[in-house]
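Visitor: Going down the list, the sequences are from chains Z and D. First residue of the first sequence: 2, per this note's numbering; consecutive thereafter. First residue of the second sequence: 105, per this note's numbering; consecutive thereafter.
Be careful, since some hints might not be right.
[Unchecked claim] Sample of chain D residues at the chain Z side, in silico, Cβ under 8 Å:
(1) Ser715
(2) Glu763
(3) Asn942
(4) Glu1000
[Claimed, not checked] Calculated lysine to aspartate or glutamate pairs in the EDC-like style (CA-CA distance at most 20 Å, straight line):
(5) Lys579(D) / Glu31(Z)
(6) Lys192(Z) / Asp51(Z)
(7) Lys28(Z) / Asp580(D)
(8) Lys28(Z) / Glu518(D)
(9) Lys319(Z) / Glu518(D)
(10) Lys579(D) / Glu30(Z)
What the hints contain is simulated information worked out from the structure, not anything from laboratory work. Backbone N, C-alpha and C fix where the C-beta goes; we use that ideal spot for every residue, glycine too.
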Amino acid sequence: MKKIFNIIKATVLIFILLVTTQCAENKLEETPADENYPFRLILDADEGGDLADTEDYDLEVTFADFIGELPEETVTVNYSITNLTDDMIDAVSIDEIVYEDEDGDEHSLDFTASVDGLTGTITLNDPDTGTIPESFEIVFTLPGVEETFFAAGSFTFSLSNLVAGGANMILGTPYEFDYEVLDHELAGSWKYEIETEEQLNAFKDVFASLSPELETLEFVDILNGTSLEVEAEFEFEELNLKLAYSDTNNEEVEIEIEGDYDFEEGELEVEGSHLIIGDDGEIEDELDYSIEAAYEIDELNSLLTLQLFVILDEDHFKQGDELFFSEAGALFTFEKD
Amino acid sequence: MIKKLLRLHSIPKPLRLVFVGILLQCFVAEILQARHILAQSVYDIQIALQVKNKTIKEVFDLIEEKTEFTFSYSSRTVDLSRSITLDGREQNLGKIIEDVANKAQLEFKQLNTIIMLKRKTVNHTEAWGIIKGRTIDEATSEALPGATIIVKGTNSGTTSDLNGEFQLRALEGDIELEISYMGFKKSSQLISVKGGIVTEVECKLANDITQLSAVVVTGVLQGQQRALNQQKSADNIKNVVSADQIGRFPDPNVAEALQRVPAVNIERDQGEGRYVLVRGLAPQFTNISINGEQIPSPEAGVRYVALDAIPADQLSSIEVTKAITPDMDGDAIGGNVNLITRSAQTSTPSIRSSAVLGYNDIVQRTNLQGSLEYSQRFLNNKLGIMLNSSYYESDRGSDNWERDDNDLELRDYELVRTRLGLSSTIDYKFSDRSEVYFRTIYNRFTDREQRRRYVFVPNVDSSSFEVNEIERLTKDRLEKQYVSSFNLGAKHIWNKLNIDYEVSYAEAIQDTPYDNEAAFVGEADGLALDYNTNPHWPSLIVESDPNYLNNSLYEFDEVAFGNTYAFDKNTTAKFNIGIPYSINSTDGLFKFGGKVRFKEKSYDVTENVFSWEGAGDLTLDQFEGGPADDNFLDRYTLRKSVDMDAFIRHFNANQSGYELSVDDKLAAEAVESYTATEDVFAGYAMTKLQFNKLMLLGGLRYEKTKVDYTYSTVVYGFDDELQEIIPERGSTEYAFLLPQLHAKYQVNDKTNIRAAVTRSYSRPNFESIIPSSEVEFSGRAGTLGNPNLKPVGATNIDVLSEHYFGSVGILSGGFFYKKLTDFIFNRNYETTTFPGSNGVALEITQAQNGEDATLSGFEFAYQQNLSFLPGKLKGLSLYTNYTYTHSKATIQGRGEIRLPGQARHVGNAAIGYDIGKFNIRLATNFNGEYILEVGEEPAKDIFVRDRMQLDASATFTISPKIRVFGEFLNITNQPFEVFQGGEERFIQREFYSWWSRVGIKFDLN
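Using the sequences and the hints given, assemble the complete structure.
Guide: Shown next, in the form of structure tokens:
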């Protein structure tokens, strides 16, 4: 009996030792709620704009990257259009909400709007199938062009009060979008026609390092009797340099160079990224680049003259190792489209 | 006159044959003559012979004096040193000789006037008895493991196990057992053996005061005695560290205790020993087992176990086997480290406990440690119960700078580590012949790490695409390791065989429930770093305006929340059967057995990385908390870092603004997760032969392994986007036949010469078979797993000579050589056939077999209590060992290099002094530099610099049952240092400062 008592006593002592010595604080005061992270419905951009004559504008609404399947519950979200200024007052509303399925077929989503069209509710579920698309576009009606004036102004579109019916879904950021009419001096589309081999080579000298397709393009690849048209599209903060031509098989070919631009008092800076193609013909890297240029606008003749000085990228930024450098600047004159 | 005709052991073998031939001729001639000259039969002679405590030799001398007979025998096989008493009542010479011969287990034959004596031949039809015994300390009743027990006058003998227990077989009759134990007086005991019966004996040994002189035998010395006795009586080359002996040095965990063993060095984490490297081979080459059974690793990619997870006070001893025997697992090229748990010894309740307080200088906090053990035997010693628990909690830290190319990191660590150990042993002896046992051990190790980092990234090229950056990162991570093992087994002894069998289950888990890190980034104008002026301390030059210490300049970059779960379990069954036998005068043991082990291992990873897409900027000052250090490493200034709790509160309240990096999550989780099964089937046969002073042990082991894996390869397309996650499956099989041969020659009672030639192997780590398999098309490169990877094979040669001192000590020296085949190395090759790569050539890195490596060296050890010195100097004791190791391996593109992890010089030196009940000790451990990572060229090789730690400890023995002690570690604040190429380019220097412990130990019996 005494021995059994000894065992019990030892067990109790060991237990007491363990309980009294569990001092280390290993629990988190705050635990992150990162598991089962909610589906987040967001706007694709928080600001944008288009030219004054634009009659409609598409804003993409999407779900941030997620894992798994979107829920089947009915999901609604309210919207509002606010801060309307100038010509946008009484002129902006949602025209339709559409999405394209995997087969390329277009579908509409239901929405209800107030009388003035400035508030309403969007139902995310396809009215026919009940499924929720991964992204959809809200098409706004804008004032567009009238005969004697160009529209001006801005507005704010915002989503709110997402109701997911028990599904693990929230409204994410950004949920507000600011629209403004793009009316600065560079805005719009400008064209430059390349008709000779010398012109092509001069253009390639500057830009070929930013486009592998341009680098390999030869004048003989362009259909005889046609020209290569370069279109510089100054959109909302983004410059698209599109080169279009017909190849010797009379097929349309387009080459694009993209970047974000900033300008001030005749100086233009463009920043973007370009692909590096290996000897095996496949992409090897993608490097950031920057362009320093000057511009001049001849309003009378609707001409834009670009003067390119320097193009650098992450591997070619040291003096003498630039992708392109010209102290005098390479000149290209574009016509307003 | 007694003629010792055959002293064969001292004659070379060819001469022995000649000599035996001559002797045979002599015998034949004598027998022929005897036909003509027949002497009287010994049974016809009457003689009065009364002797008391005389040796048999003296008795035979008397007979020779009083009669015409002479005795002839081989001194190699016949031992006449045993003492006997004859009362004189028997006067027939034949019967007297018969009686004496029986006592000495001899046979005799009369040839004329010559009495031929020889050792009694074993007749298996004769009755054998079993002697089962226990060797204990007469004063303390504690078990004495490693005692040598021999049947006097024979080659029959054994050694006591960890519980001091032994068993051996003997022919029916009276025998004399001789028990020897270093540091104790030799003892002998007369026993009457009866055929088929188990005779139990208790052998009490008394301390040899003359040998130990003025040294007070405390628990410390007892531990040393036990360890050295086990080492001395072992069949193979091994080192033993008893738990008591661990107390000699201020080593808080198993790894640090092992660093004191010759040819063992350790890898540290945060200043604490963690992994063990035996004979300069990386940790995966050493097998770690508990109670003789391999334990799984809690870590995901490896097989070896972090020994800081296991508290030393759970163990009764640690064995480091450097040359394996066929009954041991064969995957142990470096050796085998066996951790042996405690068990109940006596019917007297035994309670051991300790209470320890400590202080860590770098974090300026106290630590605590406690243990409690209860053990007792019940039911007439049939039932033994041992319960043990211990808990250790340590606040630690380190200050560290690291260099990565041109970037400088300042790392400030704070850690809280705990170790909980629970173990139990329940054994029950059904009878003298059968017993069962159930051993359990459970260890939980937790490591909460909070790390604050400044990363200075200078724009060294003045690129317009980069800026001088300072990253600020704060990490909060908890890692929990569980290692548990359950062994259920039984042992049976029958007259003609022994059998033992065991089933065991062991599992190891590494659970990281949270691993959170938040990163902020700021720009710093005029940032410059100078590594050249003083390679030990980089200079940091930062413009004061804007002030880089202003937390509002740092913007949120990303936060990572992760958790991982690694699981590894072994289910094992094994049996061993031993059959003793004798051939002429040679005793032997034939042993065979089998084993199956099924392993399951898996690793799951969760990694969620979030960026901020919400409104407004998040800056560090909004979340700052914790300490600020104006004098980090005595020269740098740090500001408060992110308070993770404050940050997580913001995260939870603003999920709408945090965006999950889905592709990164999918890739990270797929690339690291895997499952694997590994089935091992093994069998062996071996025999041990004892020829007087020479022991031979040889045998064969066969091990077959079948492995299956599932994992994923993550492919990034040419556009750098996640392209595909490919589920993969692989399997492989391999088998090894491992011959082992050991020899031990006992020059005298205190000197052994050992030699061993063994084959062993080492299974590849899981991280080699299934590394993070990733292919990046745009980078034209990838890393792939290799499920067909074969283990590394090794042929090992070991020679060791050891001399033991009666005053408890050893002088040993030896050399070792290992030839490794199929050495695993990372091979780079080009392929154009990887799916989806469109024929583009990819540079693939893959672990492959192929190259050979060799490793050789010598080791030396000397430890002795210098009790032979005069006066007060006799309290001195020395403990030293040194190992030199040389290796070379051929690596693709690099030619010959030294093996990674192999230090050329490893050693220990300690000096102790005993004054009465007071013992002090100053110990230093030296770990030479070794290669941590092999680079593409010598200048890129990464080395861990040599390190010498100085520790001190003192013990005061209040009574045999109560001791107080104090320990002072890393007195000189030795850093952990890493350099690249040469010491002019340090890339890491980590400092831990000193820490100390003060405690009391109770042994209540």
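Visitor: Could you tell me which of the hints above the structure violates, numbers in ascending order?
Guide: 1, 4 and 9
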